[in-house]
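Using the sequences plus the hints, can you model the full thing?
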Amino acid sequence: MRHLHERLLEIADDELVLGWRNSEWTGIAPFLEEDVAFSSIAQNEIGHARALYQLVARELGTTADELALDRQPGEYRCAPLVELRLVDDWAKTIARHWLYEAADWIRLAALRRGGDEDLAGLAAKIDREEAYHRMHADMWFARLRDEARFQEAVDELWPSALGVVDPELRAELAALVGRPEVPAVERDAHTDALRELWDEMTMVRRSEPAGAQW
Amino acid sequence: MEPREQAFLEYVQGGGQVESGDWMPDDYRAKLIKFIEMHGNSELMGVLPEREWILRAPTLQRKLALTAKVQDEVGHAQLIYRVVEDLGKPREQCLEDLISGRAKFHNVFHYPTKTWGDVGVIAWLVDAAAIISQKALLKCSYAPYARIMKKICWEESFHILHGRDVVLTLMNGSDAQRELVQEALDRWWGPLMQFHGNPIRAEEDPMYVWRIKSQGNEDARQQFLDGYVPQIWELGLTVPDANLRKDEKTGVWHYTEPDWDELRSVVTGHGPRSQERLDFRRLARENSAWVRQTVLAEAA
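In order, the protein sequence lines correspond to chains A and B. Numbering that gives the first Met the number 0 puts the first residue of the first sequence at 0, with every later residue one more than the last. Numbering that gives the first Met the number 0 puts the first residue of the second sequence at 0, with every later residue one more than the last.
To be clear, the hints were calculated from the coordinates, so they are not data collected in a lab. Note that the Cβ used here is the ideal one computed from N, Cα and C, for glycine as well. It is possible that some hints are incorrect.
Computed cross-link-like contacts, SDA-like style, restricted to lysine to any residue with a CA-CA straight-line distance of at most 25 Å [claimed, not checked]:
#1 K113/B / A209/A
#2 K91/A / D278/B
#3 K30/B / S264/B
#4 K91/A / R280/B
#5 K124/A / L63/B
#6 K91/A / N286/B
#7 K91/A / R291/B
#8 K91/A / A296/B
#9 K91/A / A298/B
#10 K30/B / E91/B
#11 K150/B / S39/A
#12 K149/B / T201/A
#13 K113/B / K91/A
#14 K91/A / A288/B
#15 K91/A / S287/B
#16 K124/A / T58/B
#17 K113/B / K124/A
#18 K113/B / R84/A
#19 K91/A / R55/B
#20 K91/A / F279/B
#21 K113/B / T201/A
#22 K113/B / Q212/A
#23 K150/B / F30/A
#24 K91/A / W289/B
Chain A side only, calculated, beta carbon under 7 Å to chain B, not exhaustive [said to hold, decoys possible]:
#25 S22
#26 L31
#27 A67
#28 E199
If you want the footprint, here are the derived chain A segments under chain B, 3+ residues with CB under 8 Å [said to hold, decoys possible]:
#29 34-40
#30 134-146
Take a look at the structure:
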């Protein structure tokens, strides 16, 4: 059994990195309305990451910013699904969005059932916003489900989506999205995209010694 | 001028406001579309210099604030294009004219954003210059435009606070951080001084004649200088213009004549980042054309 703070960091890192990736659509989505929507989703995800980092930071005697931005790329616990740079590919972006929201729903439900009261409360709070992300993802799924490029994107990303949830939850995820359970791409298989993202997301912060104010 | 048009002119010059369903002269409608469309284009193109830095924001709070700010700008574009649509020009046409280079956008969005210092200076001073123009539009003779300006000004005032906070934090930091701000100010001062346009007499400015704008260009620039130069000095920054001073007797700011040739050249698509940004938007639009087709086919 992993330590609780490792599990929280997995979720926080997923939300942080996906939030960072979704914010890349700002200004260039297919519709202005989607610019605004993806930006809101990105802000929610980063807000969730911050709340989770704060919980872990209290335990480890550090800060949310240090956890989010001062670790080395290999120390992040995010799943490969969220690392991929998909900007300019709307089919894959929506495929990831839809699969991730499904996985996240199952994961949050498991946290709410778990014994930790603080964590169950936070999971319920996060889920209130995620419900809107799911509505958004479902709307786009309905629009794109008959498009070959969307179906291919879902096929390609499905093993990575399974890697977002713990093994005991994978059958539930497979049933939810109506796909067979296949070998998952696990969290330890970081992609090159994470390294590139890390270089960019920490470049300003790294330009000054640790502890600088920004 | 026909009597009906003359009466309309006198009405707007007397402070009267017009609704979208009211009769209006063709010239007034055309000027409104041109002016408001350029505003929408500017909000949308204004996203691009800052979006590069959304990924590089150095703390979670800055990341959230910058993402929200840029989201506001897209939201403003959405609102403003709706007003243009009511006047007879569809959003898709505005976007086509923008990427083909037929339509203009504000000079400040043609320049590169080189450092995190630029992010602070843009949010603080470019948005400050913009809010001065936008506050004057609260009195625009076209009422639907004036109404959305309330929300826009409200949001822009938060952007200024965010920008000022970024700048203030850097100025209280290391020498290198202070240098980031000074260098950014040096880069942006010229474009900021050009921002409100050449000092044409208000009575000769057709946008003022129709009371689309409610103040002259020089009035706006003086307001900007009066509101912000003292703050810039207070932070220990140097404005890169040796001639800048306020005449305490008249209250008028004197400054080196801005480079109007540069302004003309930049807004006609010859700025340092004009073509790159338009290419970027064009490419994004081409890449997502299939999405719009799919959605529109489904809606049909």
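Results of checking the hints against the structure:
Between K113/B and A209/A, the direct Cα distance comes to roughly 22 Å. Compliance with the 25 Å bound is thereby established for this hinted pair. A hinted pair counts as satisfied when its Cα atoms are at most 25 Å apart, and K91/A with D278/B qualifies at roughly 23 Å. At roughly 22 Å between alpha-carbon atoms, K30/B and S264/B fall within 25 Å of each other, so this suggested pair holds. Only pairs whose Cα atoms come within 25 Å are accepted, and K91/A paired with R280/B is accepted, the gap being roughly 20 Å.
The suggested pairing of K124/A with L63/B holds, with an alpha-carbon distance near 19 Å, which does not exceed 25 Å. As the CA atoms of K91/A and N286/B are separated by approximately 13 Å, the hinted pair is consistent with the 25 Å bound. With a C-alpha separation of about 16 Å, the suggested pairing of K91/A with R291/B holds against the 25 Å cut-off. Restraint check for K91/A and A296/B: satisfied, since their Cα atoms lie roughly 20 Å apart, inside the 25 Å limit.
Taken as a hint, the K91/A and A298/B pair is honoured in the structure, with Cα atoms around 22 Å apart against an allowance of 25 Å. At most 25 Å may separate the alpha-carbon atoms for a hinted pair to count; K30/B and E91/B meet this at roughly 19 Å. Between K150/B and S39/A, the direct Cα distance comes to roughly 18 Å. Compliance with the 25 Å bound is thereby established for this hinted pair. Proposed proximity of K149/B and T201/A is contradicted: the alpha carbons are some 37 Å apart, above 25 Å.
Taken as a hint, the K113/B and K91/A pair is broken in the structure, with Cα atoms around 31 Å apart against an allowance of 25 Å. For the hint linking K91/A to A288/B, the alpha-carbon distance of about 15 Å falls within 25 Å, and the restraint holds. Between K91/A and S287/B, the direct Cα distance comes to roughly 12 Å. Compliance with the 25 Å bound is thereby established for this hinted pair. Between K124/A and T58/B the CA atoms are separated by roughly 23 Å; this keeps the pair inside 25 Å, and the hint holds.
In summary, the hint linking K113/B to K124/A is not supported, as the alpha carbons are separated by about 38 Å, beyond the 25 Å threshold. For the given pair, K113/B sits about 23 Å from R84/A by alpha-carbon distance, which is consistent with the 25 Å threshold. For the suggested pair K91/A and R55/B, the alpha carbons sit about 24 Å apart, so the restraint of at most 25 Å is met. For the proposed pair K91/A and F279/B, the alpha carbon gap of about 20 Å is at most 25 Å, so the pair holds.
Note on K113/B and T201/A: the hinted pairing holds, with a Cα-Cα distance of about 16 Å set against a maximum of 25 Å. Pair hint K113/B plus Q212/A holds up; C-alpha atoms about 20 Å apart against a cutoff of 25 Å. For a cut-off of 25 Å, the pair hint linking K150/B to F30/A stands: about 21 Å separates their Cα positions. For the proposed pair K91/A and W289/B, the alpha carbon gap of about 13 Å is at most 25 Å, so the pair holds.
The interface hint given for S22/A holds, since its Cβ lies 5 Å from the closest Cβ of chain B, which is under the 7 Å cut-off. Taking 7 Å as the C-beta cut-off, the interface hint given for L31/A holds, the closest approach to chain B being about 4 Å. The restraint placing A67/A at the interface with chain B holds, with a minimum CB-CB distance near 6 Å, inside the 7 Å limit. Restraint check, E199/A versus chain B: the minimum CB separation of about 5 Å is within 7 Å; hint holds.
Restraint check on the segment 34-40 of chain A versus chain B: 4 residues with Cβ-Cβ distances below 8 Å, three needed, restraint holds. As drawn, the segment 134-146 of chain A meets chain B at 3 residues by the rule of a beta-carbon pair under 8 Å; at three or more, the given contact holds.
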